[in-house]
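Chains as they are written, first to last, in our numbering: chain A, 1 to 282; chain B, 10001 to 11230.
Since the hints were derived computationally from the structure, they do not count as laboratory data. Please note: incorrect hints may appear among the correct ones.
In silico SDA-like cross-links for lysine to any residue, where the CA-CA straight-line distance does not exceed 20 Å [as the list claims (entries may be wrong)]:
| hint | chain 1 | residue 1 | chain 2 | residue 2 |
| --- | --- | --- | --- | --- |
| 1 | B | Lys10734 | B | His11029 |
| 2 | B | Lys10885 | A | Gly134 |
| 3 | B | Lys11167 | B | Leu11136 |
| 4 | B | Lys11083 | A | Gln130 |
| 5 | A | Lys78 | B | Ser11032 |
| 6 | A | Lys29 | B | Glu10399 |
| 7 | A | Lys29 | B | His11029 |
| 8 | A | Lys27 | B | Glu10399 |
| 9 | B | Lys11083 | A | Gly134 |
| 10 | A | Lys29 | B | Lys11083 |
| 11 | A | Lys176 | A | Gly134 |
| 12 | B | Lys10885 | A | Asp184 |
| 13 | B | Lys10389 | B | Glu10399 |
| 14 | B | Lys11083 | A | His159 |
| 15 | B | Lys11083 | A | Asp127 |
| 16 | A | Lys78 | B | Pro11188 |
| 17 | A | Lys176 | B | Gln11071 |
| 18 | B | Lys10882 | A | Val203 |
| 19 | A | Lys78 | B | Lys10389 |
| 20 | B | Lys11083 | A | Asn122 |
| 21 | A | Lys27 | B | Pro11047 |
| 22 | A | Lys158 | A | Ser123 |
| 23 | B | Lys11083 | A | Leu181 |
| 24 | A | Lys158 | B | Arg11045 |
| 25 | A | Lys158 | B | Pro11025 |
| 26 | B | Lys11083 | A | Val203 |
| 27 | B | Lys10734 | B | Ser10313 |
| 28 | A | Lys27 | B | Gly11043 |
Heads up, incomplete: computed chain A residues facing chain B, CB under 7 Å, no partners named [to be verified]:
| hint | residue |
| --- | --- |
| 29 | Arg22 |
| 30 | Ser24 |
| 31 | Pro83 |
| 32 | Glu113 |
| 33 | Ser117 |
| 34 | Val120 |
| 35 | Gln142 |
| 36 | Val145 |
| 37 | Cys156 |
| 38 | Ile161 |
| 39 | Val167 |
Built from N, CA and C at the ideal position, the CB exists for glycine as well.
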Amino acid sequence: MILTKAQYDEIAQCLVSVPPTRQSLRKLKQRFPSQSQATLLSIFSQEYQKHIKRTHAKHHTSEAIESYYQRYLNGVGKNGAAPVLLELANEVDYAPSLMARIILERFLQEHEETPPSKSVINSMLRDPSQIPDGVLANQVYQCVVNDCCYGPLVDCIKHAIGHEHEVLLRDLLLEKNLSFLDEDQLRAKGYDKTPDFILQVPVAVEGHIIHWIESKASFGDECSHHAYLHDQFWSYWNRDYQIATETTCNTYPGKLSICFPNLEVWARLSHLLVRIYPGAGL
Amino acid sequence: MAAVLESLLREEVSVAAAVRWIARSAQSSEDDPGEAAALSPLRPLRKEFVPFLLNFLREQSSRVLPQGPPTPAKAPGSSAALPGRPGGPPRGSRGARSQLFPPTQLPSPAAEVPSARRGGRRRGPGPARERGGRGPAGLEEGAGGEGLPWAASRRPRGSGSPGSPSLARSDPPNLSNLEEFPPVGSVPLGPAGTKPSRRINPTPVSEERSLSKPKTCFTSPPINCVPSSQPSVLDTSPWGHGLPPGCRSLQEEREMLRKERSKQLQQSPTPACPTPESGSPLPSRIGNLTAEPADPAGVSSHRRLELVALIYSSCLAENLVPNLFLELFFILQLLTARRMVAVKDSDLEPSPGALDSLESPLFQSVHDCVFFAVQVLEHQFQVLSCLDKGTLKLLAENERLLCFSPALQGRLQAAYESSVAKVSLAMPPSAQAVSFQPETDNRANFSSDRAFHTFKKQRDVFYEVLREWEDHHEQPGWDFEKGLGSRIRAMMGQLSAACSHSHFVRLFQKQLLQMCQSPGGAGGPVLGEAPDVLSMLGADKLGRLRRLQERLVAPQSSGGPCPPPTFPGCQGFFRDFILSASSFQFNQHLMDSLSLKIRELNGLALPQPEPSDEDGESDVDWQGERRQFAVVLLSLRLLAKFLGFVAFLPYRGPEPPPTRELQDSILALRSQVPPALDVLALLQQGLRARRAVLTVPWLVEFLSLADHIVPMLDYYRSVFTLLLHLHRSLVLSKEGEGEMCFLNKLLLLAVLGWLFQIPTVPEDLFFLEEGQLEAFEVDTVASEHGLDGMPVVDQHLLYTCCPYIGELRKLLASWVSGSSARSGGFVRKITPTTTTSLGAQPPRTTQGLQAQLAQAFFHNQPPSLRRTVEFVAERIGSNCVKHIKATLVADLVRQAESLLQEQLVMQGQEGGDPAQLLESLCSQLCPHGAQALTQGREFCQKKSPGAVRALLPEETPAAVLSSAEHIAVGLATEKACAWLSANITALIRREVKAAVSRLLRAQGPEPAARGERRGCSRACEHHAPLPSHLISEIKDVLSLAAGPRDPEEGVSPEHLEQLLGQLGQMLQCRQFLCPPAEQHLAKCSVELASLLVADQIPVLGPPAQHQLDRGQARRLLHMLLSLWKDNFQVPVPLQLLLSPRNVGLLADTRPREWDLLLFLLRELVEKGLMGQTEIEACLGSLREAQWPGDFSEELATLFNLFLAEPHVPEPQLRACELVQPNRGTVLAQS
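Looking at chain A on its own, in the form it has when it is part of the complex (with noise of 0.2 Å):
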């Protein structure tokens, strides 16, 4: 289903500043209930990281880091079972993960003579268990698993989202016949940047003439359509796999449709990219 503008829009108003958690994401499902959840949380996914891209840096002064910290310790003093860093992160409106990270970090560095490596870290995250304080592992296991937009568990889904795609795409060109080298195989010829597909015989969608595929397994707004056009969609331009441009579409198992942003920026591009996204594109 391809979302209007408008639409996107109206679902972009609703998310500013509302905290990451399940019960905002099931608010937004009853306000928008034709939407399907994927959408959804991938647009909200998509704005709270634009928010917190914006705000990042203010929530790692030493300064802040100290205050939070301070504040993690009162709370846990009054209350141990009290969900004192997920509250600390909804109140100062910034990732719950992320907030779990910083006072993780802080910990450690307390508590151990090496400053803590981002391996480390990153493991403890994963598996709360290994955190030396038993009261500091709930805390951070709490914000990891009621945060929807970071920490390794939303990792791991956006990253499973983004593999389904790849063979919900391969299973869909192969089922329609198409010749196409995947990224394996492109790679082994040598290619050092390369799209997802490359069609062996171009083909046209809607009047579109489409050489390679790149599927984003993300809402594709505007935001994200510059960031990955700059990183990644230019380069393939420029390796001249003759290709390139919009186009956001929606398949949801097994269902190619594309529609056509009318972007400025796309113009300049006389053929035509595809992205695959779970949700509706704009």
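For this one, chain A is given, so just place chain B on it according to the hints.
Positioned in the frame of chain A, the structure of chain B alone reads:
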């Protein structure tokens, strides 16, 4: 001007601000207000800054380069009346040099000419020069030279010392004036006293030297009454001899003498005949003048030099100077300066405070010069890196450069190593007749039998004349007009009918293109001419031979960095033919025909580059496109040059009109004559379509032959304005979307820079047009596929179009050869080495003959045959390489893989050093690469004939067909074998390396993951839920359990059951599953089990029971156990069940229930998921954790219970369950 420079040196104004100030008239918001204030009073001087700077540098360097060729430049002196610098105290003595060129002192009436010209052009009021000379008195002090054109002639260095103003003031010796100061070989310029002896030095005038001052009115004494001696249009044309009155003198005699001598030289095509005396204009001339060593420590004022270098480089970068390559030449001259002319000691002593002013000379020693040069070169690295390999090598090996900037040397060395731009000045191809063109040359195209017959005869006469010219033109004493003139005129006389004229013109033009087509473009199929098959067959040995030959005949110098337009080689024949024929009809027809052809070629849709396939092979295809572009461009340049020559022939004279009145009347007349070709429109079109890289180079050729009046005509004025605008916009450092390719820009900058130095182009044009520039806007519709954005220009084309860029290399080479090369030019030993190519080749003579035969064969066949053969050869050759890759190389890679496997097995897991492994593999396998040649030959042998046969008409005679096939096979084989023998080893290496690293990587981390991986059954339709969905669902359950949650939140037991069921399905299907997702699912399922055990899952339902009943919990645990046992393929972190955190969940429940945990543990043991001892170890470590007292006790009891019943069979479990509530309460109570 000096004020600006001074404020820069004092760092009152930043360089960036100054460049902005120069480049743009409007004040930029970026400017610092202080800087703006410093600069704003100087606003009227803005456009004169660059000429001033250039003059200043030349002036300053005069002591260092006393004998090098003058570096010409067209930098008119400041001419506008200037207000004194406000605030700047007028300095005491006006700079001596400001009087160097006082108009009143010019003795001859002709002296007025330059000023008249200028005045006329500017339409300014009267003799601007006078004001220019005196007006800015306060400003020009010190360096003081801004009032002057910077011609070498006006440098005050004749006296050998800038510190002797008296000499300079009166009448500056003009060193670049060859009449006054003929080159004197090795004698360094000493004090003025030595002058007389030099005047009678009989050393012949080198033609190069005279060439290197293109702007004669600036570089020779007061007036240029001397047509240059080189074979340019100007001198050999019949009117070239008219000397204005007032020049009758010693000079004149000298000139006549020189003409006589140069005539002998020029009769031969310039490139072929370097006379020993002419030598090069380069410092090699002062051969035995040993170079002073340069030392970074000896630099007098780093900061000052750096600043000047920076501002100078910025001007270069912004294209504010007319000719980039001229400046580079100048810089290289500084770099290779041999020694400084002695100066009085007092001059060298830095006066206090002098550092930031212009009082003290900028270059006080050779060290300074070299330092400055290296500074500038550092800024110009981008341009340098695009020069040819030879130049880069010379630069990289320059010891001064290494000494002053090892970093730059490193970069140059790297650029040299990666450069593929081998450029050589090749010789013109030998003459070959235009083949009979059936479509135009047949009888039906002629009005009568007689006309047809006459044409046939004329054709014969024409070729006879041509052959005679070929035989004789190099002989001394032979004169074109004397030898052939009458015959040509007789022939022209017979061409009575207009139609005959057009036929002859067509022939003439074709022959012109064929003969003069520069060797760079081995004729492409576009023009349907017969190009040089020898070059197409371009065997390695032939190429070698050619290079050798070329070195032997290449001219030492093509005339300095800015030679005037010439007609080298065969072009001379056509020029002389036109002159001798002096037929109005012929000229008119020729112009028509040339214009038509120019339009046609200019509008030719050049093919777009194909999308590249895979790796480097597409380079081969792309080269074809480039070559075609080169052919078209060179043809256009040639045609345009001749069009320019013929079109402006009637107006050409040696000098601009002497008086203003005369000039005005000429202008009035000329302005109504329509242009021969609407170049303005074509230029505009070209700019709009982003094809400037094609249009501008030929337009420059056309304009270079214009007469003196042309640039003043409104029509051409707008052409020049447009070109100036373009020149300014070609900023080399700008890259990105919609920008022109770097080398394209460089080509345009080079040709435009050259044009701005042509004698007929007014010297001040470049600097004065600015006002109009700003008002002008080209509406470039950014068309996607303009030629400008494509890399159509390579170094070879650049150097072919602009041979004068090669002067840089010669300058550097002569520095290297140093004193040993007294004869001038670079002496390099040529050692022909035999190739060690893998395949045996037939002897050279046979090969050469074969090549000639092939050429002859194609000559008699329709052009399409040739195209077909070339096409087939090119494709089959390329396919052959691909085929070898896919077969032979792939086989070798497989071999390598199995060898590697063996080795790994032998050496155990670590396998040794990968680099060594690779080496040994390659040494085993690379020798097999030799087979590639045999296989490649077979492939071409097999595939080519069929392709040729399929593409040629059915009716092709058998003999022709078989010859064509043979040639195709030969060419394809040659192409393929050349590539293979050069690259096969590297290719095998690369592929083997990739395979090895792939294999080693696979060996590494997760052999289990690679192992057996069960997919779903074939019947599966992959309807199972997606992993991402399941992770997300389970995460929801986990987060509900972890809280916080709303009172109404919870999960139903059915939902949990369904979830686990789905998990099972998904784990069986696996279609969408990736290992990380599976790992997370495994971990989540363990956590779920822990929550079940601790009864922590909030259940939806009647408020009374918010907990799962025991039976449901057990059912769910059973499901989980079977998932873990049967479905997960990744290790499940079951030990987490007994992690303190998960067990701690139990501590929160009241009453605590241990039975589920006990049940789970026993099942784990029973199903073999965990070992008894493993669990015991976990339980043991659990006890070490800190727990509330009662909890520890219960834990201990659990431990004992577990130990007590090691292998609980099913019935006992039931029994256990029966007693469970009791035990639970017991535990709780205890």
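(request) Sort out whether Lys10389 of chain B lies within 20 Å of Lys78 of chain A, counting only the CA atoms. (result) Roughly 77 Å separates the two Cα atoms, so the pair is violated.
(request) So, Val120 of chain A near chain B? Judge it on the closest CB pair being under 7 Å. (result) This interface hint is violated because 17 Å lies over the 7 Å limit.
(request) Verify the proposed pairing of Lys176 of chain A with Gln11071 of chain B, using a straight-line Cα cut of 20 Å. (result) OK: Lys176 of chain A and Gln11071 of chain B at ~19 Å, within 20 Å.
(message) Under 7 Å is the threshold here; is the Cβ of Val145 of chain A close enough to any Cβ of chain B for the hint to stand?
(response) holds (4 Å)
(message) Given a cut of 7 Å on the nearest C-beta pair, is the interface hint for Pro83 of chain A held or broken against chain B?
(response) This interface hint holds because 5 Å falls under the 7 Å limit.
(message) So if I understand the rule, the pair passes when the alpha-carbon distance is 20 Å or less; does Lys11083 of chain B with His159 of chain A pass?
(response) Distance of about 16 Å is within 20 Å: holds.
(message) What's the verdict on Lys29 of chain A and Lys11083 of chain B, does the C-alpha distance respect the 20 Å limit or exceed it?
(response) violated (28 Å)
(message) Min Cβ distance, Cys156 of chain A to chain B: is it shorter than 7 Å?
(response) Because about 4 Å separates Cys156 of chain A from the closest Cβ in chain B, which is inside the 7 Å limit, the hint holds.
(request) Quickly compare the C-alpha distance for Lys11083 of chain B and Asn122 of chain A to 20 Å and report which way the hint goes. (result) holds (15 Å)
(message) Check whether the Cα positions of Lys27 of chain A and Glu10399 of chain B lie no farther apart than 20 Å.
(response) violated (75 Å)
(message) Quick check on Ser24 of chain A please, does its C-beta sit within 7 Å of some C-beta on chain B?
(response) violated (12 Å)
(request) Go through the hint on Gln142 of chain A and say holds or violated, using the shortest Cβ distance to chain B against 7 Å. (result) Holds. Min distance 5 Å.
Figure legend: structure checked against the earlier numbered hints; hints not met, in rising order: 1, 2, 5, 6, 8, 10, 11, 18, 19, 23, 24, 26, 30, 32, 33, 34.
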